[in-house]
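There are 2 protein chains.
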Amino acid sequence: SSKIKHVIVDFAIKAKNIGVDDPRRIVHSLKVALAITLVSMVYYLQPLYNGMGDAGMWAILTVVVVFEYTVGATLCKGMNRGLATLLAGALGIGAESFASLFGTTAKPIVLGCLVFILVGAATFSRFIPNIKRRYDYGVLIFILTFSLVSVSGYRVERIIELAHKRLSTILFGGATCIIISMCVCPVWAGEDLHQLIAENLEKLANFLEGFGGEYFRITEGDKPSLASYKSVLNSKATEESLANFAWWEVGHGKFRFRHPWKQYLTIGALTRQCAYHIEALNGYLDKKTEAPSELQKTIKEPCMKMSSEVGKAMKELGLSIKLMMHPSGSASAIHMESCKKAKEELNTILQTVMVGEHDISETIPVIAVTS
Amino acid sequence: SSKIKHVIVDFAIKAKNIGVDDPRRIVHSLKVALAITLVSMVYYLQPLYNGMGDAGMWAILTVVVVFEYTVGATLCKGMNRGLATLLAGALGIGAESFASLFGTTAKPIVLGCLVFILVGAATFSRFIPNIKRRYDYGVLIFILTFSLVSVSGYRVERIIELAHKRLSTILFGGATCIIISMCVCPVWAGEDLHQLIAENLEKLANFLEGFGGEYFRITEGDKPSLASYKSVLNSKATEESLANFAWWEVGHGKFRFRHPWKQYLTIGALTRQCAYHIEALNGYLDKKTEAPSELQKTIKEPCMKMSSEVGKAMKELGLSIKLMMHPSGSASAIHMESCKKAKEELNTILQTVMVGEHDISETIPVIAVTS
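One line per chain: the protein sequences are A and B, in this order. Residue numbering for the first sequence follows the working numbering, beginning at -1 and increasing consecutively. Residue numbering for the second sequence follows the working numbering, beginning at -1 and increasing consecutively.
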C-alpha cells in the first residue's frame, strides 16, 4: 500500500510540474471543459433540444476532436471538418440518388462500389505530402461523412433533413471551439514559433560564449548551461507543425494575417545546421583531459575571442528577431567584425582550419532579410 | 484551360510516383476501402440491420478513425478505443445515476459539474509525456464517450441498451480493422523500424567510404550518393513513433512479442550523433576549392584509409543488424583494427585532431549488445 501511495504522490508531483512549467496547459484544460459543458447545454435546455434533437451529439463530438492547444491547430481542424462535411455530404447525397437509378436490387451493389472507389482514392491522397500537411484531417472527415451519408441514406427516409441537422450541429460545435480558443487566453502557434526560433538562436549563442572558457579550462561548474543547445538538434518537427498551424491563424499582436512563416523555417534550418557544428565542437569538451599543449596556449587568445564574439553576434540576432527589429547597424555587425579580426589573427598563427568559424557567416544574410 | 490541364497532369504524375515509390501505400488504400465496404454491409443486409440498427454508424466511424498504415498503429488505436469506450461508458452511466439522486432540478447542474471536472482533468493528463506517448487517443475517446453517455443519458430512457449496442458495434468495427490490417499484406511498424535503423547506418557508411575521395578530389560526379545521409539527421521523430507502435505489435517473422524495441532507439540516437559529426565533415567538402597544400598531400593516404575503413566497418554493422546476427568476429572488427592503425599513422604525422575518428568507437558496444 505504501508503494501505491508512493506511485500516486510521484504522479501528482509530475503533474504539478507540468502545470507549473507552462500554466497555459491548465488554462487549456479548463477551456476544453468549458466548451464541452456549454455544448452539452443543448441536451439540458428544452427549447434547444427541440431544435436539434439527438443530432446534438455531433456538436459534442466535434468539440472533443476539434479543440486543440493552439488557435492555429483549432482553426485548421475546424475549417477542415466544416468544409469536408459539406463537400462529402453533398457527394454522398448525390451518390445515393445516382444509385437509386439502378433499381432496388442493384442499389446496394452500386453504392458499395462507389464507396469502395472514393474511399480508396481519398485514403491514397493522404500519402501526398501537400495534402497530408494541410488537409489530412479534412480527408479523414470526408471519408467518414461520405460513407455515413451514402450508406445510411439507404435506410433513412428524409436524408436531406438529417444532413441539414447534422451539418448545423457540427458548425455550432466548431464555432464554439474557435470562439473560445481565440477569445479566452489564446495560445497562438505563430507567437510560439517566433519565440522558439529566437530562443534557439540564444541557446546556441550561450554555448559559443561559454565554449572558449570551457575548452581552455578557465571557467568551472556551469556546464549545464552549455548543454541547453541540444534541444535545437531535434526542433525540426516542432517548427514545421507550428509553421503549418500559424498559416491558418488570423492576424494577432505584432503579426499580420499572411506573415511570412516560411522564413522562420529557413532560419530554423540554418540554426539547426549551426547546431550540428556545435555538437561536433562539443565532442572536444568531453575528450580533452590532458594539460594544454604549447600550441593551444598560443592560439588560446584569438580562439576564445572568436567564439565569444560569434556568440555575442548571435545573441544580438536572436534579440532582434524577438523584438522584430532590423539588425543592420546594430551591435552584431561590430561583433562579427571583431570576430573576423580574431580569425585572421588565428590564421596567421596556424594554417589548420577550425570548425566553428564558418557557422555564423551563413546565417547572417537570411536573418537580415526577414523580420 | 491548358493551365488547369497542366496542374492535373502534374498532380497525376506526383501521385503515381508516390504509389511506385512504395506500392504498400496502394495496398493500404485498398485495404481501408475493403474494410469500410465490409462494415457498411450492416446497412445493406436486412438480418444484420435488424440486430444493430442505426448503431451500425459507429462501426463505420470506428473503421475510419482506427485503420492506420502500420499494424502497430491500428492495434494501438483499436485497443485504446475499445478500452476507453468501456471505461468511459461505465463511468458515464455511473455519473448519470449519481446525478439522478439529486432530483430533477439539480440533475443537469450536477451532471454539468461532473463533466466539467472529468473533462478538464482528462485533457490535462494528455500533457503528461507517458500518457501522451501511448494513450493519447484513448484519453480523447474517454472524454468523448463520457460526455456523450452522461449527457445523452439525460434524454434517452434505455441507456444501458444504447451503450450495449454502441459498444458492440465499436468492437465489431475495431475487430474488422485489426483482422484486415494483420492478415492482408500487413505492414509491421517493427520491421520498418528494423530496416530504417539498418539503412541509416548504411547511409552513413556510404558517406564515409566516399568522403576521402571527394575531399581529396579523386572521384568526381557521384555527389548525390553522399548527400543521402542528410535524412538521418531528422529521423528521431519517425524512429520514436515506429518504436511506439512496434510495442503494440504481436510477434511476427523474426521478431518475438516483446522484442527490445527500445534498443533500436539507442542505436538510432548514436547513429544520429554520428550523423551530426558527418554533417560537420561535409561542410569541408563545399568549402575547399584551392589546390591541396603540402600538408594535405602528406596526410592524404592515412586519412582516406581511415575514412573508408570506418565506412566499411559501419556497413558490416548495418548488415549484421539487418540479418540479426552477432557482429563479433566478423569483418567489422578487422576494419576497425586497420582504421586504428591508419589513425596512429596519422597521429605520428600531425598532432591536430581530426573530427571523424571518434565516431565509430562509441557505436560498437551498443550494437554488440543488441540483435
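Don't take every hint at face value.
For chains that are exact copies, the list does not tell them apart, and a pair is met inside one copy or across any two.
What the hints assert, rightly or not - Calculated lysine to any residue pairs in the SDA-like style (CA-CA distance at most 20 Å, straight line): (1) K313 x L263; (2) K130 x A235; (3) K130 x P21; (4) K14 x I129; (5) K320 x H4; (6) K3 x L89; (7) K228 x W245; (8) K260 x N232; (9) K14 x Q271; (10) K228 x E189; (11) K14 x E238; (12) K310 x E189; (13) K228 x L268; (14) K228 x K310.
These are calculated hints, taken from the structure and not from any lab test. All of these numbers come straight from a predicted model, not from anything done at the bench.
- Which numbered hints are broken by the structure, listed smallest first? 5, 6, 7, 9, 10, 11, 12
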